[in-house]
Each structure stands twice: as structure tokens, then as C-alpha cells.
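Engineer: Build the full structure now, drawing on both the sequences and the hints.
Take the sequence shown: its letter number 172 is residue 204 in this note's numbering, and every next letter is one higher.
These are calculated hints, taken from the structure and not from any lab test. Careful, some of the hints might be misleading.
[What the hints assert, rightly or not] Cut-off 27 angstroms, straight-line C-alpha distance, at most; resulting in silico cross-link-like pairs (DSS-like, lysine-lysine):
| id | residue 1 | residue 2 |
| --- | --- | --- |
| 1 | K289 | K364 |
| 2 | K271 | K386 |
| 3 | K386 | K289 |
| 4 | K433 | K364 |
| 5 | K433 | K386 |
| 6 | K433 | K404 |
| 7 | K286 | K386 |
| 8 | K286 | K364 |
| 9 | K271 | K289 |
| 10 | K271 | K286 |
| 11 | K386 | K364 |
[Unchecked claim] Here are the simulated distance ranges between beta carbons:
| id | residue 1 | residue 2 | range |
| --- | --- | --- | --- |
| 12 | P143 | Q405 | 49 to 55 angstroms |
| 13 | S50 | R249 | 21 to 27 angstroms |
| 14 | D157 | G257 | 18 to 24 angstroms |
| 15 | E418 | G257 | 39 to 45 angstroms |
Glycine included, every Cβ here is placed at the ideal spot set by N, Cα and C.
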Amino acid sequence: MTGMSDTPATRLHVHTPSGEAGVLAHEHAYVFGCSGHAQATEAVSLTMPVRLQAYERATLHPIFQMNLPEGYLLERLRNRLAKTSGTDPLLLLSLLGGDAPIGRLRYTTGPALPGPAQAGERLSDILAYRGAEGLFDSLVERYINRSGLSGVQPKVLVPEVSHKASAITDELIVKSGLQEFPGLAINEFVCMSAVAAAGIPVPEFYLSDDRSLFVMRRFDRGLDGRALGFEDMAVLSGKNAADKYTGRYEDIAKLIKAFCPPDPAHRSLAHLFDLVAMSCLLGNGDAHLKNFGLLYEHPESDDIALAPAYDIVNTTCYLPNDSLALSLAGNKGLFAARADLLAFAVAHCNLPQKAARARLLELCDALSDTLKQHAGLAAEVPGLVEALTRSLATFRATFMK
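Structural biologist: Shown next, in the form of C-alpha cells:
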């Protein structure tokens, strides 16, 4: 990125769409101090309101950890920076956080924001490209310095160019697969199609023509391109990113009630029930704290609500004995947890039991319709049809009683 270097950063300026929020420094600990002129709307996190006293932690604050890469992207960056200063967290934020990281925060080594983003790619070209493995590597090389994305799966944040003009109109998250998980892009496309068929909010998503790339439009930008706030549940829990598998789905419901205004909280709790139920139904053993989050315009707005569904796959076709990422009523068993869904709906999501049971059957119908619509596609992933069909039959038998 323009103006960035690969030398260690000890101080970073943190910006929001409204202006500079403060300075993040690493001294004996990680310290974030709010700007003296910062307003409440410029708070960096729902958990860190503007105040005079600095926020100090032994480890990097969770809201800033959210923009650090994991897995594939982190390894690529390690290789790139191996001869300089390694992968110091503030260095990574300075490299990845000046342009378009997930959420509303941007990071610079000086008070000024960087210039215009790179030119971008056309969605149609990405989807139609043959030999997408080579394309993905090329996209990573070109755009890795603007991909403030978490998650271990290979992915990169790519600016999109419209067909009608040269101006950037939107941005895409392009995801490739992992060798140990064949057909992962197809798997995610089928599962996200079932989620969409159930009427659960999802970003726009696509499968490349050669079926090796899953492409999703980012959802943390407004219609005018303005950056929206996004905080995953690890951040809101005050946990380090490495602790994303520790916790309960009941805790997520509590966080929604704590941070969302009443009307969005009501809708978000119903949304949460859908997502937890679909994770059980789809055999998604990776629905951890970082795969749920709140979306908002700014920390003082009345629109704080659960973000659209993302990163939903069936994991049991690869790991037959896989379990839930978090516990539900003290249980992590994917099939066993179904018995606790109605209690979860009533006690934590404010849903009547009768309505919750009817909704569970609607989710089953959505998966059934999706399997019919994408039967040939799903059959290309070893074990996927069998895993989803078995789960569907078990759920229907349970909730039709």
C-alpha cells in the first residue's frame, strides 16, 4: 500500500469514517488512547466507549485482533516478511489495515489516510476464469496488502470494477479450498443456498464456473460505500481470537441483548436461532464465535443487529464425528444438540415453542429443496449428499412429532 513500509510499527493511528479515533501503541503492553476530540460515535468498539483513560491489555485488544490474518494469509505474509521484521501485530495492521479491512476501522502509521484503492477486478472474469488456482494465487499476490481478513481458509479481499465504468463499485471476498477438504467451494455454495432458501439474510454469493472458488460480496459496507461497524462475538466477549471455540451459543444471545436496541435485538435473536439451528441441521462444526457478529453504522446508532450469515459449510462429510464449535445446553454433539433447540428458542431467543418447532420444519424444507435444486453439484463433494440427507431425516423425525 502507498506509504507503508515493512519496518516494525510501535504506534498506529486508528480511524473511523467520522475521523481519527485515537492512537494504538505497544510499550510494556498494548495501549489504546482515544483522541481528545473524539466523539461517542467515533468509539472503536461497542466494548470500548470514548473515555479519557487509556485502554491497556497484555495482548492486543480483541477489536484490533479481528483485522489480523490467520491461516493461509498469515503464512503468505510470513513468507513475504521473513527477511525483515516477522509478523508483529502492529506491523500487520499497518500493512493490511489502511485500505479496506473488515469493519469500520482503518490503521495508518501517520495521521493521513492512504490514497485511492487499487483498480480492481470484474466479478464475471473471476467466475469465468479456467484454472482458478492460478487466478487465486495471482489475486493474493495483487491484493494481500488490503486483506484484513480473519479465518484459516485461503481468502482474499478484492475490489470489484463494474462492467459499465472503471470506478470501483463494491468489494468481493474470494475464497479458495484446502487440499484436505475437497469440494469446499461447492460445499459452501450448497450450504449457503440452503440458508438463503430459508429466508435467512445472506450476502450475495457465487460459485466460479470451474467450481473451485466461492465468491461472496462483503456485507460491511452501506449502499453508498460507507464502512459499517462490524464486531464478531469473540471481540464482544473480550476474548482473544485464539479462544474462538470457547463459549456457548447462549452467550451469543446474551451479547445480543446487551448490545442491541430492543427492536433489532428481537429480530437478531430470531436470526440467531435460525443460524444455530441451521448449523446443527447442516452439520456445520465450525460455527464459532468469529462466525457471528454485530453490524451497525456507528456505536451510538439504533441499528445494531446481527450480521448476515457467512462461512457456513458442512464439516461432517470431512470429519464424520465432528461436533458443534460451541456448546448448546452444555452439549456439543451435532445431532444430540437438536433436542436442546426448542429450549434454546424459548429461554434465550424469546421465541414461543410452537413457533420455533414450525420454524425448524421450515429450515428442513429449505434444505430439502436445496438438495433437489443442486443435487448434481452436491454429489461432486464426497459424502456431502449423504451427510446432509442423514441429518435432514433425523431432524424431521425429531420435530414432526
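Engineer: Next step is simple, just say for each hint if it's right about the structure.
Structural biologist: Against the structure, the hints:
1. For the hint linking K289 to K364, the alpha-carbon distance of about 23 angstroms falls within 27 angstroms, and the restraint holds.
2. The hinted pair formed by K271 and K386 fails the criterion: a straight-line CA distance of about 35 angstroms is larger than 27 angstroms.
3. The suggested pairing of K386 with K289 holds, with an alpha-carbon distance near 22 angstroms, which does not exceed 27 angstroms.
4. Distance restraint check for K433 and K364: the Cα-Cα separation of roughly 23 angstroms lies within the 27 angstroms cut-off, and the hinted pair is therefore satisfied.
5. This hinted pair checks out: K433 and K386 have alpha carbons roughly 12 angstroms apart, not beyond 27 angstroms.
6. For the suggested pair K433 and K404, the alpha carbons sit about 24 angstroms apart, so the restraint of at most 27 angstroms is met.
7. For the hint linking K286 to K386, the alpha-carbon distance of about 22 angstroms falls within 27 angstroms, and the restraint holds.
8. Proximity of K286 to K364 is assessed by CA-CA distance (about 19 angstroms); at most 27 angstroms being required, the pair is judged to hold.
9. For the proposed pair K271 and K289, the alpha carbon gap of about 18 angstroms is at most 27 angstroms, so the pair holds.
10. About 15 angstroms separates the Cα atoms of K271 and K286, which keeps this hinted pair within 27 angstroms; it holds.
11. Taking the CA atoms of K386 and K364, the gap is near 24 angstroms; set against the 27 angstroms cutoff, the hint holds.
12. Separated by about 52 angstroms at the C-beta atoms, P143 and Q405 satisfy the suggested range of 49 to 55 angstroms.
13. Between S50 and R249 the Cβ separation comes to about 25 angstroms, which falls inside the hinted range of 21 to 27 angstroms.
14. Hint check: D157 to G257, Cβ distance near 21 angstroms, so the stated range 18 to 24 angstroms holds.
15. At roughly 43 angstroms, the beta-carbon separation of E418 and G257 lies within the given 39 to 45 angstroms, and the hint holds.
The structure does not agree with numbered hint 2 stated previously, though it agrees with all others.
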